[in-house]
Structures are given as structure tokens and as C-alpha cells.
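Chains as they are written, first to last, in my numbering: chain A, 1 to 430; chain B, 1 to 251.
Hints in this document: simulated from the structure, not taken from any laboratory.
Cβ atoms here follow ideal geometry from the backbone N, Cα and C, with glycine treated the same way.
Any given hint could turn out to be false.
Rough simulated footprint, nothing fancy, chain A against chain B, three-plus residues with beta-carbon under 8 Å [as the list claims (entries may be wrong)]:
1) 45-52
2) 98-104
3) 216-223
Not everything, but these chain A residues come out facing chain B in the computed CB check (under 8 Å) [stated by the list, open to error]:
4) K352
5) P353
6) A372
7) E376
8) F379
9) L381
10) G385
11) I390
12) L395
13) A398
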Amino acid sequence: MTALSEQKMDATEARLAAMTLPTSAPWLAEAREAALARVQAAGLPSRRDEYWKYTRPDTLVQAEALPAAVFETDEEPVFANVDRLKVVFVDGVFDADLSDPLEGEGFTIERLADVAAMDIHWAKDLYGTLETNGQDPVKRPLAALNTAYATDGVVIRVTGKVSRPVSLIYIHKSESSDAILHHVIKLEEGADLTLLENGPAAARLNKVLEVDIADNAGFHHVRAQGRDHERRAVTHIFARLGTESTFKSFTLTVNGQLTRNEAVIELTGDDAVAHVAGACLGDGDFLHDDTVFITHDAENCESRQVYKKVLRNGATGVFQGKILVKNRAQKTDGYQISQSLLLDDDSQFYAKPELEIYADDVACSHGSTSGAIDDEALFYLRSRGVPAPIATDLLTLAFLAEAVEEIEDEALAEEIVCRLEGWLTRRRKD
Amino acid sequence: MLEIKGLKVKLEEEDKQILKGVDLTVESGKVHAIMGPNGSGKSTLSYVLSGRDGYEVTGGEATLDGEDLLELEPEERAAAGLFLAFQYPVEIPGVGNMTFLRTAVNAQRKARGEDEISASDFLKLIREKAKTLKIDADMLKRPVNVGFSGGEKKRNEILQMAMLEPKMCILDETDSGLDVDAMKLVADGVNALRDEGRGFLVITHYQRLLDHIKPDVVHIMADGRIIKTGGPELALEVENNGYADILAEMA
Ligand SMILES: Nc1ncnc2c1ncn2[C@@H]1O[C@H](COP(=O)(O)OP(=O)(O)OP(=O)(O)O)[C@@H](O)[C@H]1O
Ligand SMILES: [Mg+2]
């Protein structure tokens, strides 16, 4: 291993010096120490790292979180009309009073802070495990940092088909909050769960979600990241898929100064399906980075990445997406599309799509585009009497549609469309 | 009433004059046809009237019921009652036909200070009109013109016209690409809208459409000008002899 640059070592030390490993039962303490060792070995990301070429990690790495004003709104939050089990975190700390009782049919749900004190727990086999797997071939030190220091989160074990979604709600109250959340979800054979997430969480959020999906199980995930303009977040989803299992994840991001969402997915059983999608709307001082790494390590699996970004007033979009097809992963069907709609000349989009294929019988395609609103379509709509701002919004929603269509549940898709329309309407120039 | 006087238009990007002084008046209740060789400026005229970018008006005027069209935004022209059935209707992936039409109808109503149409009334109306044009429910749900055949696109234009009930309808080669039956459907659609308060400007290359939609007046356009105006017999003359005689006569 090459030695870390002095600068990187200093930055890493400065961050670690400001933190202490939480006390935990031995199994977890061990996982934390191992994670800490991963951080120390790799060093925290710096702007020189290839993997952080387009997104400056400084504010995610530095010891102190930059403050972020709390966004005041009396609007009904997303998913308010969905029947769900509510689990609320305020500035990264579980709030029992605001949450529903942690119970439900077909699954158990516990708080990481509680689990941490138990001498024996099934989470021992999972906590930090998928994150560790995800460190190869690309290092993700901020995720290891999370594993080492996270004190809160949920630990869910799903045994049946759960009809009512589990909804994680992240409230941001303090301007200087710095949250680290780590969730672990294990789906047993044939189990099924929908996970919802919404809210800004904190001024700075580092979140890891590890999802282990056994054979024939299904995991559906819809998340809406909070609207607070100044918030910063780095999130990682690590998923491992068994035979004939399904993983579907959709993320809506509006506002936020800096968001880096990584999805690291490993298809390890034949005939598994993984879809990840994202729609993001950025205005002004906004950087949104989707970094995806999908590994096909089994036969006849399907993966889809659909990312759409609408950018204006100098907003920046980043997409780094990789499909790695290992030599035994014959009959892989991999699809990747990343597109941005630039509503003005100041905005920018950087895309780095990658395919690395070692099997010979595969069908993989990827495409990346960035462009403006289609003038012909705009004129056609206007010639029918649709005012330009409304016509532009219709075309913008149309652009995002392919990503939103990845949400299977119609009611949840509708919730997301309402958010998109709301954002566009608030910015309409009429 | 549509009145065009001495309309001169060049391309914005190039120094190319396309319309070189067009004079044309279409009275309410009348159907005027425009014929003319390829590239003579017929589509350009229809685009300039409906407000498409890329053209520069260098002279003349165009009014609809006395209102200066050239000053208005495209959507304002539509709300004022102008409609263009495109020679090449645009495909718009992701925008549902139905959503699009309802948005358009309501936007026009709003611009005229009228109440919006209710969702159920709209549905009833569009189903009824679609049926007469043999447009099935599935096509209404699909994205605007996406995957429509050439003929379906043209019928969709007429459906939009029927829903929007404009005062002045410009049809740019709506007959091209239509089979004989579809041509009849489109012509019936147009004839059903013929009304004292509505004028038509029908751009076509063929007599066949005009057999169904009997024009009151026929104009011949060549090289950016109306060079001859007559009755329906003029269209027949073109059908039989082409433009050579007329062009020679004018030269
Ligand atoms: N945007 C443009 N750029 C370059 N040339 C143009 C443009 N628009 C129109 N023209 C030219 O202007 C002339 C008139 O075109 P127009 O489409 O109006 O003809 P038309 O009478 O409708 O022909 P057709 O019968 O083939 O439909 C043509 O020579 C055409 O090439
Ligand atoms: Mg033409």
C-alpha cells in the first residue's frame, strides 16, 4: 500500500482527534475498531482523490460541521398520507416520543443504541460487513468512519412480507448538528420490506444503510432528502442480493448545498434484480453527486441505474456510475443512464460512466447526456396556448419521468411527483 | 378575420429572405387554400403567424380580428384564437396527450378569463371527439405523438383543433401521409368545425383534400409571394398541369 500523503494524514488525524469511539458490547466494539483501522489505513478523502474529482469532500471530512440554517415550512411533509411506521430522529438522535412504538408484523426493529449494549445480537454478522466488502476495489473511508462512530440508527430483521412501510424521518433542529446514522437491515428468505426516508437530518449527515437481501426477498426504498438549503450529506447504501431477490431504490434530492449519495450493490445470487434511480433538482449553490458501483457476481441478473438531474442558476451535478461484471456473471443485463437538464448556461454536469466486463455473454448499455429544454417541443406546447413557464415545467417533469417510474408503488410515486411539481411551481417565472 | 399585408420575413440566423411581401385575407366563415411548389414559403408563413423563433419580420403586418399577431407570444396567439396544425407534429416523450390537451384548454380559457373545464367534462368531450376521429383511448393516454404513425399524428392535430375550437385554423399539409380513409376522417373533422365565426387556411399539394373540404378561395404561392388567387378551379388546374404555366404566366 502506498503511504498516505502528509496532508491526508493530517486531515484524517484532525477529524479522528475530535471523536471518541462509543462504548459498546464486545462484538460491536470489535467492529468499530476494525472500521477505525480502515479509516486510518485509507485516510479520509481529499480533493486529490480520483473518486472525489468532481466533488470536494473537505466539508464532509473536517472536524467541525459547518452550520446550516433550519428550513422553516408549514407544508405537509412528504409521505404524510402514507400509512407507515414512523421512526423519528432529531438531529441524528432517535426520538421515542415522536416515533411509533418499535413493533410490527413480520419484522423486528430495534434501536442501534440499544443493540449496542447487548452481548449477543444477530446484527454482529452484518454491522459493518457489507461496508467492509464495499471497500474493494474503491475505498469509501467516510463509510468506515460511520461504522466506527455511529451511535444511532435502526436494526431491522424482516421475516415476512411487511405491508406497512417503515418510515425513517430525519428532523433537523439545531443549526450546528453533526449526525452519524447507521442502519442495518436483514431480509430473510422470501421477506419483503418498503423503507421510506425523508428529511434533512442535520447540518451535516453521514449515513450508512446496510441491506442484506436473502433469496427471493424484496427490498423497496424511496427516499426524499430534505429541503434545507445549507445542509450537507454523504450517504452510502450497501446492498447484497441473493438468488431471485429484488432491490429497488429511488432518491429524490431537492436543495442542500452538498449531497454525495453512494450506492454499492453486489448481486451474489442468480436471477437477482437491482434498480437504483434518482431525481434531483438543484438551484444555485448546490452540488449533487450520485456515485454508484454495481457488481454482478452471479448469472442472469439485471441491474438498472436511472439518474436524472435538473440544474439551474449554477448548480452542479455529478454522476459516477460503474457496472462491474465478473467472469461468472453470464447473461448479465446491465443498463445505466444519467442525464441532466441544464436550465441555464451557468449550470454544469460531470458524468463518468464506466463498464468493466469479464464475462462474454452479457448485454450492458450506458448513456449520458446533458442538454437544455427542447425548443421544438416548447414551441409546440406554446402554440397550443400553454404559457412558456408551464410548458417548461411539463417538459422538465417529462425529463424526470423515467427516474420516477422506477418507483413501483403508485401512491409513493405520486408523493414524489407532488414534490417535484411543488419545487417547479415555487420557481416558476411568470 | 386574418389579415396579412405585405409580410416580409427573413431567417434570423442567415441573410435569407423567405417571404417577400405576402398579402392575404381570410374572412371568418371562409376556407382558403394555399398551394405552391416546395420551398415557396408556405410553412414559413404558418410558423411566422404562430410565433415560432428563428424568423425576423422585416416588413408588413398580420392581424387577427384587428389584433397585431406579430407582437404576441405564441401562447397569446393561441389564446387569441389562432391554431396551426403542424406539417411535422412534434413528439414529446413523457408528456401525456391527455395532460397536455387539458393543460392547453385550461390555459386558453384562463387567458380569456373563462372558468377551467372540469376533469369529467373534459374527459367526456375528448372521448367524443376522439371517437369521431377514430383515435382510441390508448392513444390519448400515450405521450404526445410518441410512436404515432404519420397518419395518427395528423389526426391528433385535428383532435387538438377540435378541442381548442380556434377562430382561425391553419392546416399545413395535414393531408400528406394520410391514407384515403384517414383523409376522409380529417376532412370530416374540418368540415364539422366549419362555422360562420371560423376561418381556415389550408396548405396542401393535392386536389384530393380539397374535394372533401371545398375551399372558397385558392392561392398560389411561389418564391415567397402569393402570385395568383382564384376559385376552386385553380386547384384543379394545378392538379392537371402543375405550376409551370402559372409561373410562366407571372414571369
Ligand atoms: N430554419 C431554416 N433554415 C434554413 N432555411 C430555411 C429555414 N426555414 C425555411 N428555410 C427555407 O425557406 C424556404 C421556404 O421553406 P418552407 O418550409 O416555408 O417551404 P414550403 O413552401 O412549406 O415547402 P414544402 O411544400 O416543401 O413544405 C425553403 O427554401 C427552406 O429551405
Ligand atoms: Mg411546408
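Hint check:
1. 45-52: Check passed, 3 qualifying residues.
2. 98-104: As far as the region 98-104 of chain B goes, the hint holds, because 5 residues have Cβ atoms under 8 Å from chain A.
3. 216-223: It is violated, with 0 qualifying residues against the three required.
4. K352: Violated. Min distance 26 Å.
5. P353: Cβ of A/P353 sits 21 Å from chain B, so the hint is violated.
6. A372: 13 Å, violated
7. E376: 5 Å, holds
8. F379: 5 Å, holds
9. L381: 7 Å, holds
10. G385: With a closest approach of 4 Å, the A/G385 hint holds.
11. I390: 7 Å, holds
12. L395: Result: holds, 7 Å to nearest chain B Cβ.
13. A398: This hint holds: A/A398 lies near chain B, its Cβ roughly 3 Å from the closest one there, short of 8 Å.
Consistency with the previously given hints fails for numbers 3, 4, 5, 6, ordered from lowest to highest.
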